[in-house]
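Visitor: Fit chain B to the known structure of chain A by using the hints.
So the sequences go chain by chain: A and B. Counting from 1, one number per residue, gives the positions in the first sequence under this note's numbering. Counting from 1, one number per residue, gives the positions in the second sequence under this note's numbering.
Treat the hints with care, as some may be off.
Same chains, same names: a pair is fine if it fits in one copy or spans any two.
Listed next, the in silico DSBU-like pairs over lysine-lysine satisfying Cα-Cα at most 30 angstroms (straight line) [unchecked claim]:
| id | residue 1 | residue 2 |
| --- | --- | --- |
| 1 | K212 | K232 |
| 2 | K15 | K49 |
| 3 | K411 | K252 |
| 4 | K49 | K81 |
| 5 | K63 | K411 |
| 6 | K316 | K232 |
| 7 | K81 | K252 |
| 8 | K81 | K38 |
| 9 | K316 | K252 |
| 10 | K63 | K349 |
| 11 | K349 | K232 |
| 12 | K49 | K411 |
| 13 | K281 | K349 |
| 14 | K38 | K316 |
| 15 | K316 | K281 |
| 16 | K281 | K411 |
| 17 | K316 | K212 |
| 18 | K281 | K212 |
| 19 | K212 | K349 |
| 20 | K252 | K232 |
| 21 | K316 | K411 |
| 22 | K252 | K349 |
| 23 | K232 | K281 |
Just so you know, these hints were derived from the structure itself, not from any lab.
Protein chains: 2
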Amino acid sequence: MSQLESALDYARAHKDEHLAELVDLLSIPSVSTLPEHKPDIRRCAEWLKAQLESLGLSTVELKETPGHPIVYGEWLEAPGKPTVLVYGHYDVQPADPFNEWDTPPFEPTVRDDYIYARGASDMKGQIFAQIKALQALTQFGEIPFNIKYLIEGEEEIGSENLEDFIDNNIDLLQCDFVLNTDAGIYAKGQPGITYSLRGLAYFEIELRAHQKDLHSGRFGGTVLNPIHELSKLITGLHDAQGRVTLPGFYDKVRDLPQEERDAIAQLPYSDEDWLGMSGSKVLGGEEGYTTLERVGVRPCLDVNGIWGGFVGEGAKTVLPAVAHCKLSTRLVAHQNHRDIPAMLEAYLKENVPEGLDWSLHDHSGGPGSTMDRHSPYMKAAEDALRTTYGKETLFSPEGGSIPVVGMMQEKLDSDSILLGFALPDDGIHGPNERQYLPNTFTGIETYIHYMMNVGG
Amino acid sequence: MSQLESALDYARAHKDEHLAELVDLLSIPSVSTLPEHKPDIRRCAEWLKAQLESLGLSTVELKETPGHPIVYGEWLEAPGKPTVLVYGHYDVQPADPFNEWDTPPFEPTVRDDYIYARGASDMKGQIFAQIKALQALTQFGEIPFNIKYLIEGEEEIGSENLEDFIDNNIDLLQCDFVLNTDAGIYAKGQPGITYSLRGLAYFEIELRAHQKDLHSGRFGGTVLNPIHELSKLITGLHDAQGRVTLPGFYDKVRDLPQEERDAIAQLPYSDEDWLGMSGSKVLGGEEGYTTLERVGVRPCLDVNGIWGGFVGEGAKTVLPAVAHCKLSTRLVAHQNHRDIPAMLEAYLKENVPEGLDWSLHDHSGGPGSTMDRHSPYMKAAEDALRTTYGKETLFSPEGGSIPVVGMMQEKLDSDSILLGFALPDDGIHGPNERQYLPNTFTGIETYIHYMMNVGG
Numbered sequence: 001m002s003q004l005e006s007a008l009d010y011a012r013a014h015k016d017e018h019l020a021e022l023v024d025l026l027s028i029p030s031v032s033t034l035p036e037h038k039p040d041i042r043r044c045a046e047w048l049k050a051q052l053e054s055l056g057l058s059t060v061e062l063k064e065t066p067g068h069p070i071v072y073g074e075w076l077e078a079p080g081k082p083t084v085l086v087y088g089h090y091d092v093q094p095a096d097p098f099n100e101w102d103t104p105p106f107e108p109t110v111r112d113d114y115i116y117a118r119g120a121s122d123m124k125g126q127i128f129a130q131i132k133a134l135q136a137l138t139q140f141g142e143i144p145f146n147i148k149y150l151i152e153g154e155e156e157i158g159s160e161n162l163e164d165f166i167d168n169n170i171d172l173l174q175c176d177f178v179l180n181t182d183a184g185i186y187a188k189g190q191p192g193i194t195y196s197l198r199g200l201a202y203f204e205i206e207l208r209a210h211q212k213d214l215h216s217g218r219f220g221g222t223v224l225n226p227i228h229e230l231s232k233l234i235t236g237l238h239d240a241q242g243r244v245t246l247p248g249f250y251d252k253v254r255d256l257p258q259e260e261r262d263a264i265a266q267l268p269y270s271d272e273d274w275l276g277m278s279g280s281k282v283l284g285g286e287e288g289y290t291t292l293e294r295v296g297v298r299p300c301l302d303v304n305g306i307w308g309g310f311v312g313e314g315a316k317t318v319l320p321a322v323a324h325c326k327l328s329t330r331l332v333a334h335q336n337h338r339d340i341p342a343m344l345e346a347y348l349k350e351n352v353p354e355g356l357d358w359s360l361h362d363h364s365g366g367p368g369s370t371m372d373r374h375s376p377y378m379k380a381a382e383d384a385l386r387t388t389y390g391k392e393t394l395f396s397p398e399g400g401s402i403p404v405v406g407m408m409q410e411k412l413d414s415d416s417i418l419l420g421f422a423l424p425d426d427g428i429h430g431p432n433e434r435q436y437l438p439n440t441f442t443g444i445e446t447y448i449h450y451m452m453n454v455g456g
Numbered sequence: 001m002s003q004l005e006s007a008l009d010y011a012r013a014h015k016d017e018h019l020a021e022l023v024d025l026l027s028i029p030s031v032s033t034l035p036e037h038k039p040d041i042r043r044c045a046e047w048l049k050a051q052l053e054s055l056g057l058s059t060v061e062l063k064e065t066p067g068h069p070i071v072y073g074e075w076l077e078a079p080g081k082p083t084v085l086v087y088g089h090y091d092v093q094p095a096d097p098f099n100e101w102d103t104p105p106f107e108p109t110v111r112d113d114y115i116y117a118r119g120a121s122d123m124k125g126q127i128f129a130q131i132k133a134l135q136a137l138t139q140f141g142e143i144p145f146n147i148k149y150l151i152e153g154e155e156e157i158g159s160e161n162l163e164d165f166i167d168n169n170i171d172l173l174q175c176d177f178v179l180n181t182d183a184g185i186y187a188k189g190q191p192g193i194t195y196s197l198r199g200l201a202y203f204e205i206e207l208r209a210h211q212k213d214l215h216s217g218r219f220g221g222t223v224l225n226p227i228h229e230l231s232k233l234i235t236g237l238h239d240a241q242g243r244v245t246l247p248g249f250y251d252k253v254r255d256l257p258q259e260e261r262d263a264i265a266q267l268p269y270s271d272e273d274w275l276g277m278s279g280s281k282v283l284g285g286e287e288g289y290t291t292l293e294r295v296g297v298r299p300c301l302d303v304n305g306i307w308g309g310f311v312g313e314g315a316k317t318v319l320p321a322v323a324h325c326k327l328s329t330r331l332v333a334h335q336n337h338r339d340i341p342a343m344l345e346a347y348l349k350e351n352v353p354e355g356l357d358w359s360l361h362d363h364s365g366g367p368g369s370t371m372d373r374h375s376p377y378m379k380a381a382e383d384a385l386r387t388t389y390g391k392e393t394l395f396s397p398e399g400g401s402i403p404v405v406g407m408m409q410e411k412l413d414s415d416s417i418l419l420g421f422a423l424p425d426d427g428i429h430g431p432n433e434r435q436y437l438p439n440t441f442t443g444i445e446t447y448i449h450y451m452m453n454v455g456g
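One chain only, chain A, in its complex shape (with noise of 0.2 angstroms):
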């Protein structure tokens, strides 16, 4: 038998040891955000180092941080392969409100096919099928390319130390590829691939006419209100087609291929379920796209809040000094989060009325990025589900961020392959967070596959 075959037939002959061990994974409370947690954490850390030493890589280490320490591993004897950098977070959201859960988030529990435990879709679950496909690889043969594991403990935290390390090891991270486990399918049975995240560029905006609130009787009518000149200066923001207004906004986003536009076509969508999902009853936005193009491949810009004057029960008759609002923009690649500022503070310099003071505080944010739907690595990916699923994959783009894909992009110049097995409806960071069972173990095969396909 090829080192294929017998991998798989090991796979599932060992369902039940593999199950005792996520079970296993699933108990360690990593809560990265509380303090409590932190020795769970690194119990975790050093559990996850010993499952990687198991794999005989030739180094495997916790790389230690400010924070919590990243889990690295790495093993290069295989000259003339890619090189593969396996992305994951052993870190878990907390789990309160622990009454909302039906079973104890630690105490990992099966239902029905399901798994139930804080992490077990986002992501422990995906890492520990990945690790999991490699070791039964390793019983067979070696591993088919050049590989190096970076699993961090604080993406729940906003990965606060992982861009200060990709900076101080940019060397030791080289690779061709990023494998991103931190991903999902389309639905239950079909296979699909997030192949475009959108970036962010978060603002907060100030504007000021008047050193104190003033009296709306004794002022109003003769004084700007700093409320209506935001106003106007949000609803300028958009012009009637619903683009952004903004000089150079769009001068750096890609022309969308007649094939991409065809293929988001065809994935599965209805106004219906979209009103359904979003709680409204009308839907919006730049005109000449589909609702799944203007959230995967067009940018937007949104107000996300906004305060001013008298805020509080009843009547109060205030002329404000002063309003605020939050702002950002989505971004496809490739525009660069880096160019939105500049564009912000013109268009405030160019339309607030002399006389007002405002000031424009950069949220700072990420790139947008888009794989190669035709690259080797992700046609690899594309075989592996078909082989798995028995159905062909759907290549969906994704309107939110995951900032460390467009990390990993800029500074590795590398593209991440987004594959993983959670669901759509798996409650990730809500109450009885779960993973679907037959995806683990389906999860596991396709990741054997992957990486045979990959090693060539």
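Guide: Quick look at chain B alone, frame taken from chain A:
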């Protein structure tokens, strides 16, 4: 000697006694908003009742209300003469922060021609002067007209029970005009009368686009943003000329006689002063009108507060479900505040995009009012002020509201003459409130002249 001359002599001869009595009155902490001062409130009402009794009125009594009592008095034995309703209030604002007072707020202290005490200017000093003037007159003859007193104890808490009291006593309160003593002059040595007040209609708008807040990555660009839509609505409420766009808003606004515009143009004013007072760098408002016209005799609309979405520290990528604002119009005679809700409702019906839910909450308000500058009662005041100050009176329109003036106009069909002697820098509602003592004494003389003119 005539009654007039004798009364003036009497007033001049009794300055010390008057000052001592004023100190008595100002020593009573009649703070209407604080329950612990309820006995003081009643003590103050009794003090005034005794004063009215000393005038020889035919009826003097405390009219009980669900809150603080109203001091009521009347003398109607001057057939063929006008009936004057004297309005005032005996309650005062709280005096805290106490440590900002140079001398205790309820230990009236004379320094440099001012008497410092809470209520000195707002408005015990005024109603006191009016009573002392009538007292002087009654030493030497009959009251020259029919008189009614209505001195309430709840002005500083929104005249909570006054409206009901008036509704239940329409006949009792019938009069030819109201002498409202809760008023001031233009500047030291410069008599002035406010002849026009703006009304108010105050609202709250809620605009909902989604059942709950959405993730701005997951949905941004595909659904409506209620903050954007509220901003458009706010922006649409003014045209490029600074006029309010609500259909019908200006229909009942009176035309401005050239004579009145000329008079307003004569009032002391400079842009620099106005900017200084408002703490602004630029002026704004309706095209074609001066600042004093804009604030005094033209209506306006201001958003008083706005809120929606994420307003905390940092960045949260929320696409808000709902946005709110508080919004009010300042109205001039003869606009009716009860007409405005329908205008706003029509505007929202016309302009809120389909699929958004909105609500309009009416915080109510009051009508604007303007007093006939050429009525005999106004002329009587102008003449009295000319006699005592040796200067022509400045008639000025005011941007704020005095709800009781609108209430009297609406319910009793009676104009108010605003005659009092507060100064703009008396510091009402703040620490170190004061009254300029020469104004107290000139005030008594002016009221003497005024009453003789009216009875004339």
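Visitor: Are the hints correct? Go through all of them and say.
Guide: Hints, verified against the model:
For the homomeric pair K212 and K232, the shortest alpha-carbon distances inside one copy (21 angstroms) and between copies (26 angstroms) are both at most 30 angstroms. Taking the shortest Cα distances, K15 and K49 sit within 30 angstroms of each other inside one copy (21 angstroms), while across copies they are farther apart (95 angstroms). Taking CA atoms no more than 30 angstroms apart as the test, K411 paired with K252 passes inside one copy only; the shortest distance there is 19 angstroms, against 67 angstroms between copies. Within a single copy, K49 and K81 get their C-alpha atoms as close as 24 angstroms, which meets the 30 angstroms cut-off; across copies the closest is 103 angstroms, which misses it.
Taking identical chains as interchangeable, the C-alpha atoms of K63 and K411 lie at most 30 angstroms apart only when both belong to the same chain, with a minimum of 19 angstroms there against 81 angstroms between chains. Both within a single protomer and between protomers do K316 and K232 lie at most 30 angstroms apart by alpha-carbon distance, with minima of 23 angstroms and 23 angstroms respectively. With identical chains, the CA atoms of K81 and K252 are never at most 30 angstroms apart, being 34 angstroms at best within one copy and 84 angstroms at best between copies. For the identical chains of this complex, K81 and K38 are neighbours neither inside a copy (38 angstroms) nor across copies (90 angstroms), given an alpha-carbon limit of 30 angstroms.
In this homomeric assembly, K316 and K252 come within 30 angstroms of each other (Cα to Cα) only across copies, at 26 angstroms, whereas the closest approach inside a single copy is 47 angstroms. Proximity of K63 to K349 under the C-alpha cut-off of 30 angstroms is found in neither arrangement, the shortest distances being 46 angstroms within a copy and 61 angstroms between copies. In this homomeric assembly, K349 and K232 come within 30 angstroms of each other (Cα to Cα) both inside a single copy, at 14 angstroms, and across copies, at 21 angstroms. When the C-alpha separation of K49 and K411 is checked against a cutoff of 30 angstroms, the pair qualifies only within one copy, where the shortest distance is 25 angstroms, while the shortest distance between copies is 84 angstroms.
Taking CA atoms no more than 30 angstroms apart as the test, K281 paired with K349 passes between copies only; the shortest distance there is 17 angstroms, against 36 angstroms inside one copy. Within a single copy, K38 and K316 get their C-alpha atoms only as close as 48 angstroms, which misses the 30 angstroms cut-off; across copies the closest is 26 angstroms, which meets it. When the C-alpha separation of K316 and K281 is checked against a cutoff of 30 angstroms, the pair qualifies only between copies, where the shortest distance is 24 angstroms, while the shortest distance within a copy is 33 angstroms. In this assembly of identical chains, the alpha carbons of K281 and K411 never lie at most 30 angstroms apart, being 42 angstroms within a copy and 46 angstroms across copies at closest.
For a Cα distance limit of 30 angstroms, the shortest separation of K316 from K212 qualifies both inside one copy, at 15 angstroms, and across copies, at 28 angstroms. Taking CA atoms no more than 30 angstroms apart as the test, K281 paired with K212 passes between copies only; the shortest distance there is 12 angstroms, against 40 angstroms inside one copy. Within a single copy, K212 and K349 get their C-alpha atoms as close as 23 angstroms, which meets the 30 angstroms cut-off; across copies the closest is 34 angstroms, which misses it. Taking CA atoms no more than 30 angstroms apart as the test, K252 paired with K232 passes in both settings, with 27 angstroms inside one copy and 28 angstroms between copies.
Within a single copy, K316 and K411 get their C-alpha atoms only as close as 52 angstroms, which misses the 30 angstroms cut-off; across copies the closest is 25 angstroms, which meets it. In this assembly of identical chains, the alpha carbons of K252 and K349 lie at most 30 angstroms apart only when taken from the same copy (23 angstroms versus 40 angstroms across copies). In this assembly of identical chains, K232 and K281 lie within 30 angstroms of each other by CA distance both inside one copy and across copies; the values are 26 angstroms within and 19 angstroms between.
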